[in-house]
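Protein chains in written order, with numbering that gives the first Met the number 0: chain A, 0 to 283; chain B, 0 to 313.
Please keep in mind that the hints were generated in silico from the structure rather than gathered at the bench.
Any given hint might turn out to be false.
Cut-off 25 angstroms, straight-line C-alpha distance, at most; resulting in silico cross-link-like pairs (PhoX-like, lysine-lysine) [to be verified]: (1) Lys-11/B / Lys-161/A; (2) Lys-58/A / Lys-143/B; (3) Lys-138/A / Lys-267/A; (4) Lys-27/B / Lys-58/A; (5) Lys-153/B / Lys-11/B.
Residues on chain A that point at chain B, a partial pick, calculated with CB under 7 angstroms [claimed, not checked]: (6) Gly-87; (7) Asn-144; (8) Gly-184; (9) Gly-200; (10) Gly-203; (11) Ala-248.
Even for Gly, the Cβ is constructed at its ideal location relative to N, Cα and C.
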Amino acid sequence: MANLKNVTKKTKAQAMGMHTEVLTGRTQQKFFNPDEAENFYYFGTYDVDFNKRTDLDVKDMTAADANKEIDNLMSQGYGTIVIKNPQGKHSIGVGILNKLNLIFEGSLGYFGIGSCDGPTVRINGRVGWSCAENLMAGKVVIEKNAGSCFGAAIRGGDLICKGSVGARTGIDMKGGTIIIGGDAGAFTGFMMQRGRIIILGDVGINLGDSMYDGTIFVGGEIGSYGSDAVDAELTKSDQDWLKRKLKVAEIGENFDVSKMKKIVAGKKLWNYDNLEPTEKKGAI
Amino acid sequence: MCGIAGLIHRGKSSKVGHELQGMLQALKHRGEDSTGYALYGDTDGKNFIMRFKVGENVGEGSTSVAEDVSVYDERKKMVDSSLSEMGAKIVKEERTLPYSLRYEIDYDKKDLLEFSQRIESIPGVEILSMGKSLEVIKDLGNAKMVCDRYNLDKLVGTHAIGHARMATESGVDIKSAHPFWGYPFSDVSVVHNGQLTNYWNNRRALENKGMRFMSECDSELIAVYLAEKMRDGASLEEGMKESLTGLDGVFTYFVATKDSLGMAKDTMAAKPLVLYESDDLVAMGSEEIAIRSILPQEIDTYDPFDGEVKVWQI
Numbered sequence: 000m001a002n003l004k005n006v007t008k009k010t011k012a013q014a015m016g017m018h019t020e021v022l023t024g025r026t027q028q029k030f031f032n033p034d035e036a037e038n039f040y041y042f043g044t045y046d047v048d049f050n051k052r053t054d055l056d057v058k059d060m061t062a063a064d065a066n067k068e069i070d071n072l073m074s075q076g077y078g079t080i081v082i083k084n085p086q087g088k089h090s091i092g093v094g095i096l097n098k099l100n101l102i103f104e105g106s107l108g109y110f111g112i113g114s115c116d117g118p119t120v121r122i123n124g125r126v127g128w129s130c131a132e133n134l135m136a137g138k139v140v141i142e143k144n145a146g147s148c149f150g151a152a153i154r155g156g157d158l159i160c161k162g163s164v165g166a167r168t169g170i171d172m173k174g175g176t177i178i179i180g181g182d183a184g185a186f187t188g189f190m191m192q193r194g195r196i197i198i199l200g201d202v203g204i205n206l207g208d209s210m211y212d213g214t215i216f217v218g219g220e221i222g223s224y225g226s227d228a229v230d231a232e233l234t235k236s237d238q239d240w241l242k243r244k245l246k247v248a249e250i251g252e253n254f255d256v257s258k259m260k261k262i263v264a265g266k267k268l269w270n271y272d273n274l275e276p277t278e279k280k281g282a283i
Numbered sequence: 000m001c002g003i004a005g006l007i008h009r010g011k012s013s014k015v016g017h018e019l020q021g022m023l024q025a026l027k028h029r030g031e032d033s034t035g036y037a038l039y040g041d042t043d044g045k046n047f048i049m050r051f052k053v054g055e056n057v058g059e060g061s062t063s064v065a066e067d068v069s070v071y072d073e074r075k076k077m078v079d080s081s082l083s084e085m086g087a088k089i090v091k092e093e094r095t096l097p098y099s100l101r102y103e104i105d106y107d108k109k110d111l112l113e114f115s116q117r118i119e120s121i122p123g124v125e126i127l128s129m130g131k132s133l134e135v136i137k138d139l140g141n142a143k144m145v146c147d148r149y150n151l152d153k154l155v156g157t158h159a160i161g162h163a164r165m166a167t168e169s170g171v172d173i174k175s176a177h178p179f180w181g182y183p184f185s186d187v188s189v190v191h192n193g194q195l196t197n198y199w200n201n202r203r204a205l206e207n208k209g210m211r212f213m214s215e216c217d218s219e220l221i222a223v224y225l226a227e228k229m230r231d232g233a234s235l236e237e238g239m240k241e242s243l244t245g246l247d248g249v250f251t252y253f254v255a256t257k258d259s260l261g262m263a264k265d266t267m268a269a270k271p272l273v274l275y276e277s278d279d280l281v282a283m284g285s286e287e288i289a290i291r292s293i294l295p296q297e298i299d300t301y302d303p304f305d306g307e308v309k310v311w312q313i
């Protein structure tokens, strides 16, 4: 890694005096050392056994207490946890940085499964707004419908909704895959930067509005295209990937992917090349 | 932030006061500056029910002032006198709180515009609702506090809408609380979650057409907007569809009439709404937990899409 202090070439924005900061913070210079891997500790992780299973009834628990109990069960080595009676509670199943089989027998409210990294989650009901926001890795399957901002800002993992989703699905997503079995609302893929969205049904207005990058596949009708969202050729490689992804997701296995539309960024709106330091752009 | 909830039973009546209280109380974290109910009770349909206030419950940021009970008494006498002069006979009278009254009135004219203008020409008097089954009850505090204060728990009816308010666009008082009556139409009420950005333009235009505003709350615009559309001959659903382009901003709102309940969501879908629909019940709210308060079992719910308008009949 180059010492950023020694970077002398100025971008146009810096030359204009718009950026004066020098990136020298600890996070910019300290990186993972493989020699110290044995001592590496990832906070909030446990060794769990997927065959060790337990039920947790959260009917009379607050979301905070439920999340603490999930953490406590993982610390005891439980690798499969079945949550009973979530009853639309908000913010359940958040911050799990572990491999874990987590099953919800019921529906979640807002912000369920937020900021997770690694778990496999199955929700037998519906989810409210902002489900799986900031997902880093893992797999989340929703058997029914989902609210708006589904998969907002996810970085990785697979997020699958077998029903329909609300508006702004995949807003600001930076990686991973979102698969929708039904329809999707307005502003799907709004400002997405990387990753892929697959919608088997119809999608609302302003699809892919202001998207920087990434790909959206639509099987049904499109309400309208957003700014800078354009059609692209659906290649054989795309079709193979779609078939494989739908099969793994156990959704739309017989869907004719050859008729899907592929939408990408026209990249006419791009201007942050000139406005952001190269280092920041690389971090996206 | 605000929270809204509504329900309609189809083909039967239920304790809608109790049910709506549970739904709104589940949403109290979205705002408990004030809470309001629009309840459609079972009545014989002979008399009008008029809910009105002769003073304010003054909270933070309100432009109203607290007054002595003797002032309320004086205003009540003036209302009674005006009713008598208009040939309206008070059949039953309840005074739940010093400033809040409920009259059952024998009044045979259908046009409520002149009637309402006459009553509201008395300073400090506002009709909260007028109808054959509609009763709007709103006051400061959360859903349970208002329900207990006005004994709404036992009210039986077919449908209801309600609002838990976090005051943002105007002060904390009853006049700015939801629901709003669709003045001067009998049995029309509205609750809203969101912000309307072309409030003043619309308000000026509607006032020039003779419509009346009682508060500076942007949500009142929806009730007045729909009332004006219906006055010009549009159906409720047509008026609601027109509102998607006529009203600018972010909104989800419910409107109820004597025999129907409707919802509309703006074209950006910026405000939440979760909906449950079955053959005998429709329940909806800003969050699923509102619906869960009356349907704890596993149910199928969904988010209506952007620009969606739906109307259900009892």
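The hints, checked one at a time:
no.: 1; hint: Lys-11/B / Lys-161/A; in the structure: violated, 34 angstroms
no.: 2; hint: Lys-58/A / Lys-143/B; in the structure: holds, 22 angstroms
no.: 3; hint: Lys-138/A / Lys-267/A; in the structure: violated, 33 angstroms
no.: 4; hint: Lys-27/B / Lys-58/A; in the structure: holds, 19 angstroms
no.: 5; hint: Lys-153/B / Lys-11/B; in the structure: holds, 16 angstroms
no.: 6; hint: Gly-87; in the structure: holds, 4 angstroms
no.: 7; hint: Asn-144; in the structure: holds, 4 angstroms
no.: 8; hint: Gly-184; in the structure: holds, 5 angstroms
no.: 9; hint: Gly-200; in the structure: violated, 11 angstroms
no.: 10; hint: Gly-203; in the structure: holds, 6 angstroms
no.: 11; hint: Ala-248; in the structure: violated, 21 angstroms
When held up to the earlier numbered hints, the structure conflicts with 1, 3, 9, 11 and fits the remainder.
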